[in-house]
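Take each chain as given, in its own frame, and dock them per the hints.
For reference, the chains in residue letters:
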Amino acid sequence: MAKPPVIPPSPAPPECSDGRYSHPSQRRLKVFSLDPAADVQLETSLISRSVLDVPWENVAPGPIGDYLEVLDVDPASDAVYEPVDLNHHSLLANDGLNPSTGNPQFHQQMVYAVAMKTIVNFEQVLGRTVMWSERTYDEKGKIVRQPSRRFVRRLRIYPHALRDQNAFYSPAKKALLFGYFNAPTTDPRDELPGGVVFTCLSHDIIAHETTHAILDGMHRRLLEASNADMRAFHEAFADIVAIFQHFTLPGLLLDQIERSRGDLRTNNLLAQLAAQFARSTGRGGALRNALGLFGPDGRQQSPDPAELGRTFEPHDRGAIMVAAVFDAFLRIYENRSVDLRRIASGGTGVLPAGDLHPDLARRLAHEAVEAAQRVLNICIRAVDYLPPVDVTFGDYLRALITADADFFPDDPKRYRLAFIQSFRDRGICPQDVRTLAEDALRWTPLDKAACEALRDLLPPPAVLRTMAYAYDVPGALSALLAGGNDDGDDDDEDDRDLAGEIGACFRKNDLTGATQRLLAAAWLRDDSSCECGDSERVDRFKRFETERLFARFLHGWIVTQARIFQEQSSSPSEFKDKANAIGWHFGIDIEQLNRPGKDRGRLEVHAVRPTIRLRPDGRSKVELLVMLTQKRNVKLPAEKDKEQPSAFGEAPLSYQFRGGSTIIIDPEHGCIRYAISKNLRSQSRPARQEAFLRDQIHRHGSAAIVQFGLTPAAAALHRHQEPFAFVHGQDISVGGY
Amino acid sequence: MAKKTSVRKKSGGKKSATKKAVAKASKKAAEPAKASSASRLLPAPGELIVRMYRQGLGDSFLLAFGTDDPKHPRYVLIDCGVHSRQTDGSKRLLQIMNDLAAATGNHLDVVVATHEHADHLSGFVQKGSPFLRDELEIGELWVAWTERRGDRQADALRKKRGSASKVIEKAVEKARQRAETGLAEQLLLLTDFERPAEGTVDRDAVKEAIRSLAARSPDQEAVFASVTGEFLADSGADLGAAKGPRKEPSSNELALGLLAVKARQMTYCEPGMTPPLSVPGVPAARVYVLGPPRNEKLLKKDLPTKVRGSSSEDGHKEYQEVYLSGGANTRAFQLSPALGAAAELGEANQLPDDQRYPFAKGFYRPFPDPWSEHQGASEKKPALDAVQKFYAEHYLDQGPQRADSDQPVDTSWRRIDADWLDPAERLALNLDSDTNNTSLVLAFEWGPVGSGQVLLFPGDAQVGNWLSWRDQRYRASGKSVTADDLLSRTILYKVGHHGSHNATVKCDPRETSADHGQGVPFGLELMENIIALIPVDRDAADKKMPIPWEMPHRPLYERLREKAQRRVLRSDLRLTPLTEGKDDPDVVPGSKNWQRVPGLKGVQWRRSSDEFAAGTPGPLYYDIAFSLPE
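Chains as they are written, first to last, in the numbering used here: chain H, 198 to 934; chain P, 67 to 696.
With the rest of the complex left out, here is chain P (with noise of 0.2 Å):
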């Protein structure tokens, strides 16, 4: 019935749509977008092709399935997001996303999203998105366990986030008010995976079509609760006011909220889980889910660590699990006074107020604070006691003249006022990678089981994450895989986190041998032969001072090339990056009409012929086509 409905809505819906983008996004886009509403992506039956949308720093992967019926192909859409550092990033996000409606026919059979970042969501909720229409349907949604309310793991991990964001927050505040704009800067810019670019989310449009979707049908309600924690009946009824301070859904909840809303059937994916996934109707695919782990080690593993000058003798194993994300080791950063976090993370109730302070009581005096005066001037300051005199005098250089003359009077460039806020950037660091290792990560076998090819998808998942594809194994069919087997099997590789430097793995370092003393080979290393999707910008990557991230990481970038022949598709505009000199240039779709791909059997590609209206130009996106092996 569904999705009869979405069919005859095609036309009449699509116009109009196209109608509101031709107005928002430049006149350029325009031919484009008209033209390609036109044009259905219809793979044979039997065929799968896989179409990378180009917007920049950003995930978004249309899988299409032949099915028996040619008109009626099975749609996936894998993420849809931009980050906020790609230039024009939402107008081209938007016209993607219309190709997309037109593509599918405004019907996706599953949407996955992998984890909660912007660079991955914002689509979904970004302004004049097609998701925000009724006509655009959703059949399942598929997320990680970690996005799922009451489980409790999954629960602790998002207390931890939250608490790390808030901490940061406080951290930004701090630091302007100390007059470190620098540092509120730079961690402002390492949390920006968390948030869209500024003003191109309607929060209220998006809460409105929530709500308009959950009014169709009474549980749609707590679905919506039930992925973002909050309820919305209606804007102005406090239902949290029992349970304090009510919070505002973050943009990425809102987009997991919609999508939530908007299926008709939402999977909560488990590692390992069995049977696996299946495509609605296409009996020769089937999907494996690798992660998000269970094992809370893996879970929070970022980089694995080597013990140094470890000994047997000491009783520690020679690699120790250290974990640098968020927790213990920080903690005492995140109590400390100064910061004024602790009653925001619950922490004052369960600590004793003297705890929080490295001494006890005693030994303490306050601060005679150089800050105060920027705030109330007018009030009046307490006398300070000898001690603070001292420091005054010594530190804050207000005292009288020092008694050595020679001693220039003005030290104040040796303060250290600020210097204590720098480990909220490692914070914010962790908080990115804790995140991204939330992600849901699916293997898709299209053929037969056990043999068939193996297109790797695994959101931004990072060192722990692909561990702990190992410690399972796969069963579909009464046959069992390992994640070894899958990997060597793999043909598409999307890689992770735009090709940074831990979001692909080499080694297993948790094993070794005779010949591997760094680890038995894993991750990329076990693929041969595959075509390698980065959906990277460098121009964004690299964008803002002072440390920007290094996308793709260069050793990865040649490896990924000898594993992938040179087969590596990019979204910059860069197509080529090592086309002079001594180096061929990277192997992409060069036309706009299907043609074999060197070096593989039974798969073609394209390039679109629309281009980007707004941005960098280039093709709006790639199309792989694989046929169904024996």
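In isolation and in its complexed conformation, chain H is listed as follows (with noise of 0.2 Å):
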């Protein structure tokens, strides 16, 4: 074995271009299209292989990017491997190494390439950059505060973590991991008895847990489950988006409209996930099917709309919704491709037995792409548009809607419908609106008396619109807090930076003193500092502190207004109905908030961001998109007539309920669009999360106190749990209690 190249031996492309060449805009990297197990069948062997575009980025060895750092680090074999180089000459005429199972360095170039290739996806639809979740728990389950200790850049991903059948993201350490093992098969037709298989090389499993990654970068408080919609939520995302992933492998398309002769109902590669981690395992042919199950014909079966209420495991669960996603998805795809088969076929629509012609295949595969790009598109827009708790399947479907209506505002084929039927037919519903009708189902949208009443709450227009455009101004208001630090005191008396001084406005009740603060920073601050020439690039973390400020601005906002409301107004009942009617549209307690010490419901805002949306016109516009939570501890008492796990000692359990909303700002006039909103103040939803609590506890007993954190003790301990795992540990039980 020849001595290991040193690390790293190829310079890095200079970041500014010495003017005579342009970077490339793509780098092209190979890898699996499915995994290992399609590229030894001679069916498949001719698609299983693809180059993906991922944006160029300055890559060092790893490969560690702005997004992702790869360590191939591999403990359990006592192992390290030598990390790829991608900006290597060969690697860079040669798009990158060859596919292989045996080399440690292909599977970082795969894991690192197909990730990019999921945040590509996300970015294109969302108008902006993909941040990971904060760290917000340290090791000892210390809150953290400074911002650059908060501050997550890399996605970590370690491609042999494991030697286990599973991958996960622990949403702990930021970071995938991927597992490999040795088949536990009996029948080399599934898979080499004993062989390895490494689930870092399966396309689908590194979609969906970077998926997972970045779903709980945009929504952090998904994770704490409050009804047995939303792990299974978490599930269902991550698979749709690895599933229409493959719709944009050109190869592998054509290839199975080929073989389904256009008809996707069929059983096709497009709807498998994970086909060789569940064969290995002997899961049958794929770990999940977008199809559901199909009939003695081969075609999928017509689903069941009473199996959500009899199904409750987080990934069979979701399943239920991916199959509704991609029953919508087939329902365009159809529609658009009906008229194709007429021209085909005479006018009948009954295409001749035998192959199609290629020009048809082509062109369906065309078509199939168009609709699966547009359900990708809105089923990932549909995420701005969800409420940042307590969502559940329902909630989804009206934000699919919601998000569709206002990025394809023109819909004459009216393809929302399709969702709307496929979520029904399998028994999604949302519970809070009075048809199903399309309208009906759209968010409502505020009107003109509620904006007014609400507007005091929210900062001015001018401060809204800064939020909105500065956010990604290069530069930004980074520069301002470097003097300040913060010393780990929630309201910090430290005044020499911005937010110091903006907080002793907000302390003194001096709103305008504030808002003048914060515009005089945004629209007069030194931009020295920007990088020559690349504009396009932000530095991530200067965006990240940029919407902590805006964030933290809008806290001391909303926390004064909340004192200001009190202290102005003439009887406690008109207090109590200016409380209720921003619960109502806000989801948040302003009592609450201006209570003293423990009792004060934390408020927290998680988002302030801009959002794009198409206008009717055609022409695009950016919003602004805040989220708001605030949480009220519950205590949960024990039932008279039942036992209570005594697990925790006598610790009384209780569990955090939380409310807030999504809102969506027009930073032109200020004016709120939607409010997305599930009211803290609500009587009905404590009821709701305690009776899903309760059966909880009745199912699993004390493993539910743990995993929903209702002792201290316990939520000390969740924390520490990996709430992701690829497949559930423990199968269903059929014969058992």
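Don't read these hints as lab results, they were simulated from the structure. Take the hints with a grain of salt, since some may be wrong.
Claimed, not checked - In silico EDC-like cross-links for lysine to aspartate or glutamate, where the CA-CA straight-line distance does not exceed 20 Å: (1) P:273 / P:200; (2) H:818 / H:863; (3) H:337 / P:203; (4) P:232 / P:476; (5) P:226 / P:258; (6) P:455 / H:636; (7) P:225 / P:314; (8) H:339 / P:476; (9) P:193 / P:154; (10) P:363 / H:384; (11) P:225 / P:362; (12) H:337 / P:246; (13) P:232 / P:246; (14) P:193 / P:268; (15) P:427 / H:863; (16) H:337 / P:251; (17) P:273 / P:203; (18) P:193 / P:264.
To be verified - Distance ranges between label pairs, derived from CB positions: (19) H:830 / P:106: 56 to 66 Å; (20) P:551 / H:420: 47 to 57 Å; (21) H:338 / P:551: 56 to 66 Å.
Positions of the beta carbon are idealized from the N, C-alpha and C atoms, including for glycine.
Laid out in structure tokens, this is it:
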């Protein structure tokens, strides 16, 4: 064995081009289209490899880029593997390493490429940078306050972390951990018995786990299940992204269109997830199949709307929603391709037996891509339209319809109905609508009166505009924060930095002063720290700091206004009315906010980000997305006639009841378009959550107490658990109780 | 002859035994123990009394069959143990064992050891146990075929269990070394079925007792070896030298060895044995052996699994056996070079070293071990090569300050040094389930063949074991009965595994019909109008963090209450768990005098007048008397 080359061997391309050549926009990297098993099947061998285009960035060996760091340590083998250097000229000229199971450097390349591709899919749709979720707690369970310690620049990827049939996203480590294992099969037709199976070579598994991480970055509180749908939603969403990523691989798509003769309701690779993993662990042809079950004719079986009511395991429950979304896609695809079938069949629509005409196959593939693109687009955009807490499948349907309407205002073929129908067929219906009509499902835009009533709770349009437009400006506001260091105190008295100055204004009820300081800072800042030329790239840490500053401003504003409202209201009932109105629309409880000490429910501002929509005239429009949440600690009293699991001593059980809203604001006029809320002042929601928790305790006993952190000790334990195992540890028990 | 001896010895021997017990147990214990020493358990002719001892989380059941000679009933003891989690478990167990010795006059006609778990066997070898004394005699020992040495299948199972515990041991060691004390604790807790409470067993005393018994007859030595796989001719001589390092038998193995040497006859029970076992001198009873199965698949099965999204097109059955237990799916883990268990598993010789790594040798660089500093600090470390330096810098944060200064240098919270050890937890759970599935399952038929009442003692059998009962027919006196038939005639059910969720079955998923999409009803669903006995103490089951067991599992418990019309007898202090509110309390024996059992004809019950001296108070046992059915 030759001595390994020294790292790094190749000079990194200079960040600023010397003017002779511009940087390429894409880096091309070879990957397995599905997984290595497809690569050794004659039927799939021609389509089993693809080249992915990922954005050009300056990658160090690892690969370590701006979003990801692949660290190939394998503690179970006491081994490390040489990091791949994608900038090596041999790899640059050759689209990276050739696909290989036996070369760990290819594994590193593939996880990097597929994860980057997934990130790009999100960025293209959302029109903003993907940010990973912040590090909120340190190892000791203390809250992390310093922005530089909170910020997670790169998601870590460990391609060979475990010797286990599993892979997961670890929210505690902000890392993807992939396992490898010896296939426990006895049938070599499934997989070489005892052969090594790498989960990090499965396109689907990488996309799935990356999506978990991205979604966690967008919606931190989705991890806290307060109903049966939430964990399932996380899984379903990750599966949806993984499945629709198949359609971005042209070779695979065309091949499957030809094989299925354009009928994607027959079993096909596009709808299958993690085939090698499933086969090698004896789980059948695919771990999950977006088509659901098949009838004797080989076509998809019609769904059973009652299934939702008896399926609670997150992956299984999520599979129902995945099937609904895939069904919506199929309806759109069939609608788009019906004319092609008629043209090709002399008007009958019944295609002659045998292979498709290659031109027809290409045209069908084109329609499939278009339909898939639209569905994926909407599925991702809909995440911006979800309430920040207590999400249900029904909420997601409403978010889908609203997002679609905002992004495709014109819907002549009424594709939105495809979603409604597919969800309805599987028993997924929102609880809070009068009918399943399209306009009833759309989140209700706030009317003028409501906007007026809520107006003062949010800062004036000038501030909102600043928040929407200054987000992406390079250099940002972080320079102003440089002087101030966060000393770990929430209400820090340090006035030296901008955040401190603004905080001081708020404490004095000086809203004008705070506003002036923020605006002055935003528009009169020193831009000299901008990087040369490369205006497209904004340092994500600066963006993080900017958003944090905005969030703190908004937090201070709302807290101050809540105080002012109470001081200025002429009677307690007037204030109560105001609080009710705000609770109804924004989901937060300003009455509780004004209480002193512990009873004061902490308000959290989770996001202050731009979001883009299309206006009916075809122009795009930047709007401001704000997420507010507030919590209340609610006791879960012991039921008189039931035994309480006593594992946590006599510590009384309690849970965090959260409310809040996702607010979408038109920054031009400061007008609130949507306030998608879950009311903290609601009476029925805590009752539902309590029933859900009781049911979980009933089913799982003390394990549920840990999982939902119902005592402080259990909550601390819960933080160390990994909630996102790719497969559930325990399979469904059929025979037992 | 033996019997006479035992009767003669009774008075003298008993007294000294009681004295010893008194000395060890607290003073309070003295009174009831003395009182009970006088009280033999003497069922009337044609009567069967089941005595459920209530030591807590652990099994011990005494069956007394009345014979024509009212002074000499026949006694069958099923298990005698307590879990190490039980508060004051060994004291309580000692108290019941003294009662047991007194009640049976120091003679047990049959002892049944269902499986090798401490909560079923610890009593036999615990300090001061009457089983360690000569005067207590055992007629027959019944164990499952899985305990037989030299049986190819049993040996393979044993080997697998042995390697699993070895791997877990190694994982505990590794977790400790990597400062993951939480994981190490958890693993130890998960395997605590394997061990009795610390300090309760004096191994040397047990060995001494076995040795003195074995000395009486030359073939006893072989009997012991056949049970434990070890010779203990004398502690000095190392007979195993040729076979490599000598293995110390576990306390569970010692218990089996002791019983084997003590018993005059030993039976390895096979499922569906024909003729069925019989209690000597009791023609009205016969004992069908339902499990453990010889079918490997079912033997390993703790949970049946359903394949989702499968279709006929895939060529896979909808129900596919996925074996979580041991074996191939944790193979990569077991072979992990960092775990260092492969050599001890004997795998090193069979497998080229290279095969234990996922990649060919050339790709592998030794991990820059951050833990080595804890071991030999003075040792000179070899210089790191470029690759190792890269990881020392990026993974271990040991390198120079990274170029991007806004990245906090401390990223150790993102390291994954011990995450790979997690599968050991599953392995430990599987080890438990695997052992549970080797439980000897006995159905006592009391009364005429084919129509008598059935008392079901399934040990801790889990799903696979249960399902296997339907795979064979049971023949006695020319008549043939089925498992379904036996279950439907069950009148007393000893609930398996302390009432956990997968130790009582409600359906057979292998067989479905239009009415029963989830499988045809089986197990508890076939039973009607029963008495359920759950040897469980919730406080003990719940005791330790992080994830306690749910025993009894609530849905099962509620179903049991329905099936038993609330006649659910438990061994916790919480006699009636649903006392307040809308639910009616459990129906349990309320008096020390015999009372009719509500809802059952010809059945009476009572509670002991003695109370536990240690731990939570409560009656020592419940007695349930069945008269011979017509």
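We went through each hint and held it up to the structure:
no.: 1; hint: P:273 / P:200; result: holds, 14 Å
no.: 2; hint: H:818 / H:863; result: holds, 9 Å
no.: 3; hint: H:337 / P:203; result: violated, 58 Å
no.: 4; hint: P:232 / P:476; result: violated, 36 Å
no.: 5; hint: P:226 / P:258; result: holds, 18 Å
no.: 6; hint: P:455 / H:636; result: violated, 60 Å
no.: 7; hint: P:225 / P:314; result: holds, 15 Å
no.: 8; hint: H:339 / P:476; result: holds, 16 Å
no.: 9; hint: P:193 / P:154; result: holds, 14 Å
no.: 10; hint: P:363 / H:384; result: holds, 16 Å
no.: 11; hint: P:225 / P:362; result: holds, 14 Å
no.: 12; hint: H:337 / P:246; result: holds, 14 Å
no.: 13; hint: P:232 / P:246; result: holds, 19 Å
no.: 14; hint: P:193 / P:268; result: holds, 6 Å
no.: 15; hint: P:427 / H:863; result: violated, 60 Å
no.: 16; hint: H:337 / P:251; result: holds, 19 Å
no.: 17; hint: P:273 / P:203; result: holds, 17 Å
no.: 18; hint: P:193 / P:264; result: holds, 11 Å
no.: 19; hint: H:830 / P:106: 56 to 66 Å; result: holds, 60 Å
no.: 20; hint: P:551 / H:420: 47 to 57 Å; result: holds, 51 Å
no.: 21; hint: H:338 / P:551: 56 to 66 Å; result: holds, 57 Å
In summary, the structure is inconsistent with hints 3, 4, 6, 15 from the numbered list given earlier, while agreeing with the others.
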